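Add chain G to chain P, keeping to what the hints say.
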Amino acid sequence: MSDTKNEWGLLVPIIPFLLVVPYLKFLAGWESVEAAFLIVVVPLLTFPVILVLGQLYNGNETWKNRYKEGGIFGLGALALALSIAIWIIYDYIVGSAHFEAHSVVDPFSWLTFDVIEQSGTQWEVSTGFADIGVGVWIDSVTLMLLFVATFLCFLICWFSLGYMNTDKINEDSNHRFYGEFVLFAIGMFGMVLADNFLWLFIFWEIMGLCSYLLIGFYYWKESAAYAAKKAFLTTRVGDVFLMVGLLILYDIYGSLEFAVIFEDPSTGVGGALVDSGELFWALLMLFIGAVGKSAQFPLHVWLPDAMEGPTPVSALIHAATMVNAGLYLVVRMVPFVDVHVNGVAGLENFALIVAWIGGITAFMAAAIAFVQNDIKKVLAYSTMSQLAYIFTGLGAGLLFLNIGEHHAGYFVIGASMFHLFNHAMAKGMLFMASGSVIHEVHHAHDHVRELSEKYSTNEGDDHGDFDPQDMRIMGGLAARMPVTATAMMFGSMSIIGIPLIGGFWSKEGIIAETWKACLAEEPLMFVPALLVLATAGMTGFYMTRMWLMTFAGPPKSEVVGHVHEATPWIKEPLIVLSIITAIGGFALALFGAAEYLGDPEYDHLSFHGILDTLEHAFLPEDINLRLVGWTTILIAMVIGPVMASRIHGGRLIDGVEASPLVSWLVNLSSRFGSQDVSELADSQLAEALRRRLYFDDLYEMTLAKTAVPLAELSAWFDKNIIDGVIKQIESNSSTGSLQVRRITTGSARDYILMAAVGMLSIFALVWGVSA
Amino acid sequence: MGGERLIDDPLSVITLVPLAMGLILMILPRVLPNSSAERLIQVSRNISMGVALAIATITTMLFLGQLGSIDWTNITQGGYVLQNEAVDLIPAIGVTWKVGADALSFPMIWLTAILIPISMLVEWDAKRAHLFFPLLLIMEGALLGVFVALDLFVFYVFWELTLIPMFLLILLWGGEDRRYAAMKFFIYTFTASVFMLIGILVMYFHTEAIAGLGSLSGHHFDLIAMTAQENLIPNEGLRHFVWLLLLIGFATKMPSVPVHTWLPDAHVQAPTAGSMLLAGVMLKMGAYGFLRISVTVFPESTIEFVPLLIFLGMVSLVYGAWVCMGQTNLKRMVAYSSVSHMGLIFLGIATMQPLGIAGALFMMFAHGIISPLLFAVAGAFKHHYHTLEIGSMRGIAHHSPWLAAHMMLGWMASLGLPLLAGFVAEIAILIAFWMTYGWLVLLPALTLIVTAAYYLNSMQRTIFESNDSEHGILPDTLHGEDPSDLTWHENAGMLTLAAMTVLFGIMPFIFWDMMSDWSSGFVIDTMIEAMQAQEWSP
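Protein chains in written order, with the numbering used here: chain P, 24 to 794; chain G, 31 to 568.
In short, the hints are calculated from the structure, not lab data.
There is no bait here: all hints are sound.
Between beta-carbon pairs, the in silico distance windows are:
1) P:32 x G:518: 34 to 44 Å
2) P:682 x G:529: 53 to 63 Å
3) P:150 x G:53: 50 to 60 Å
4) P:740 x G:421: 14 to 24 Å
5) G:53 x P:57: 51 to 61 Å
In silico negatives: residues of chain P with every beta carbon more than 10 Å from chain G:
6) 321
7) 363
8) 472
These stretches of chain P come out as covered by chain G in the derived footprint (C-beta under 8 Å, 3 or more residues):
9) 140–149
10) 219–229
11) 243–250
12) 254–262
13) 265–278
Keep in mind that this is a model prediction, so the values were computed, not measured.
Each residue gets a CB set at the ideal place from its N, CA and C atoms; glycine is no exception.
Chain P with its partners taken away, still in its complex shape (with noise of 0.2 Å):
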């Protein structure tokens, strides 16, 4: 505990940059939309300064201790963005200052250029197309993201100050974590904000590098590289996609900003009618990009495997905020479906096929939690599962606005944006936990280590197959580390949707809004609608199994038994986001966050009532949804938590306390009675969940049957037929002719002799014909 009252010394650095926001506020009369673009480059600036002091400090103890090895520049940079953002959403949200138009700042063109036209047997240059440009663009969608990215960034950020600055194996790399760190933190930041398709991609592309980057942190380490590799490619194939749409749309707008393009979705280029069928296929492609970036279903096999990078960037990138950008890219295409506003007619199917993927996802990615023992596996298939009900809800909302039911739409849409907002707090905070979880047992198993070799000085990283991610060696935490505990049970709470807490104001209006489209307008959205139903009592029991099997029960080994809560850096954010998670949900959805989100004309967040708000929630006045409604609430909080309870529950061991809530909970799980279920893990069902469903066997085996011997095929063809052709020829001309043979001398005299020869011969043999 000392540790962390004398460390706050070194946050001393950052007052500077906390100070910019006053400064430029009071001090130089600033609008807060004009310092937008300082959210982008200030990070820009400190992460080369980052990386080149860490080259160069490397292994200096001021640098290490007071630095750490620049982890506070990266913090104070982080800070500076959030205190930007928070001054944004604080002018927006009270109406200060005046955003008219969404596109705030007036665009900075990028690339100019023609573009030639066929009219009938002419062409011409065409003066409908407009330059590539790149401006901020704010409305309260950005912003809602703009928070989640600056305030996690900024928090996970600090916690890595506590996860990755003690722990022996980073020392003299952490440098490289908080420069990659930074550096992501620019392509979440700038996707958010940037005024057009393209920028959006560009941002979206650097993000996915510094997935790429940080999941290979431990480059060493052939999983990592394997890991690492894996999600660049299969998130490129989304991207390349995305790059085809973005293609498409250009040639139907001539543009790929926001403010041309949403001006009028239905006319394009020079006032033609847009064609549905040619809209169809760029918001596919671009939606292709979307499922790579957020993990669905097919292109889901990178997320479990990303795992792989070290816990704050499965917290940041691979739970909180990267994955979100395929969602952002999804809810970006509101106009061009909403009728209600100049949107295109016909594009039912395109909504379909989002909730369609949504559903399959979130189904498939809970079964496959069911089986995970890997703390962190379990909650990289959780954040699977909760990013496809986003989906669902998007496409339900998509479904709507394009067959004229706006009110159902932006509601449907603003209750899928408030749980990516729920979501990411919740699933930022569960992996920060996880984080603390696996960083004491880590250093627990060190501690009993070191006990029983005292004689051995054979340090180092060899843990054997000692495994601190393994849920199996846990069990019984809930006393030893209160706050972990805690802070994971909300998570776990917000992300089943016990009523009240965080997410269950949003994942309950998009289940009900999903059997509403289903029920009033599609018979399609059957499956859909009813998977993600399943997945809400499914949910209830993985998380719940995954609580219990951490916290509740008798200690699984003795390496429990030497778990504290005690590296600095790590408590603090996960009492921040506990509060946010248990209160925060509900505080926003009593101003209707939902409608606030989803609907262009809705202006300001407004207070509705308590009782109005419950209502809402509980006694909708469909009967119909009331019945979802209930169902939802009965199979996520009883049903699903009580078959967990009935499998991993257990008391503590005699003798330790937990703090109230957290004991009252592990002893409720023990009253359910045990059930054995070896049978049932040991069956073909529990094997393939095991095997991932298989996808990961059936792209390998692909690969290695097709693009391998494709590859091997090639360089031999062109080794020995191509090149061999010319061999062939050298060959033929140096026997056939003892002269040539005499001539290649390999001298370069001879050469330009012969070069000069040559040419006057030809100049002489052309002349002649010519003549």
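What follows is chain G alone, placed relative to chain P:
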């Protein structure tokens, strides 16, 4: 040479000075008495570097407008800046010394002027430095000559002249199999350019006499006049034939499949500086010549042969990428990746959109800064680990963090990561390609996945995964030596290239604006007319 004269004709100066200095530095030690020859040999390297830096400075000042105050945008098609007063060289056949630059050639000129000192720096510790560095100067003069010459005879002479220093670089400083590679390189490209020469000569004999130029034959090699002459070769069949002859020369240089196999051999054997220049500038001569002569003078034939261009471009791009996948030698892989990327240039031109052509021009430039970085990295592997076999070493990021960092950046730039130079060209060409050919764009787009795959594979099997945080797996070729990181001069050279890659990725408009203007002017003035005449539509 006085300051005024320099401003009058800077292009001649930057072309001829390095040539002259290179020759002097090579010849002088042989004629001088021993003691002064010794001394000259010792400073030869520094003098060469000085000259190269001076040329780079002049070129940069030309660009920034501090010298000659030129507005690089809006140079009309056929109008060149920095033109000199033509000097008769061989009046009898109408050869003149005529130089000029426009937005097509200037980025190449600047690229050459910058790359020479960088490649000198990277190979600062070359053996036989008193020959190596002057040879690079001669190389610089020859390359610049190709880009500034507006007389096809002079153009051809410089074109062939570039072969000699490169031939010697490979022959004298190359790897184990250098003799074969040098020979193959020379004969292959020389043979190809003979076809080009025939084409040029046919063009020559179709020119009309220009008043005041008293050539005996009544013909001339003046490119501007050829371009201006209506219907240079009236016979359509002959025109197409000439176009194809030129294409053989240019496509071999680029190189395009199926005439590319000289490239990997030459690259693998060439010294690092040689590879850097070969990939960075020499390959661009092909694309440059194609645009400057074939497309400009014969737009109708170009339109006629658009399907051929698409075919060559697609095959180079797609097939090149798959061949890359199958390589086990790092430098060979990088060499094939050049083949693959050059395919995009043909595709960009084939779009017949200003955007696509500007993209092709930017590709020439971007590849010109990225590929030298790739070859510098490959060269450093050879230098420090004595092998180029992918997979013979693992986890070397631990021993050579700078090398690993440059590899990461270069590889990422080459696979088209946004905010690095290559992406701009790629996206521009793809947008234009979609506009003209629609779904056919899927082929180049999907190839980007293959590109990413081979680059990532090669990184995974060199800088990653040793399964030991304290040691990498070192190749046998190191024979137990301690592995080392980049030397200061390698690092400085690579850092410059890396900085340029980032700079032009974030701010492509530095060169993009003039390229885009040139392409618009070119398409509007030249291509549209031909497209209408041929009633072309995609």
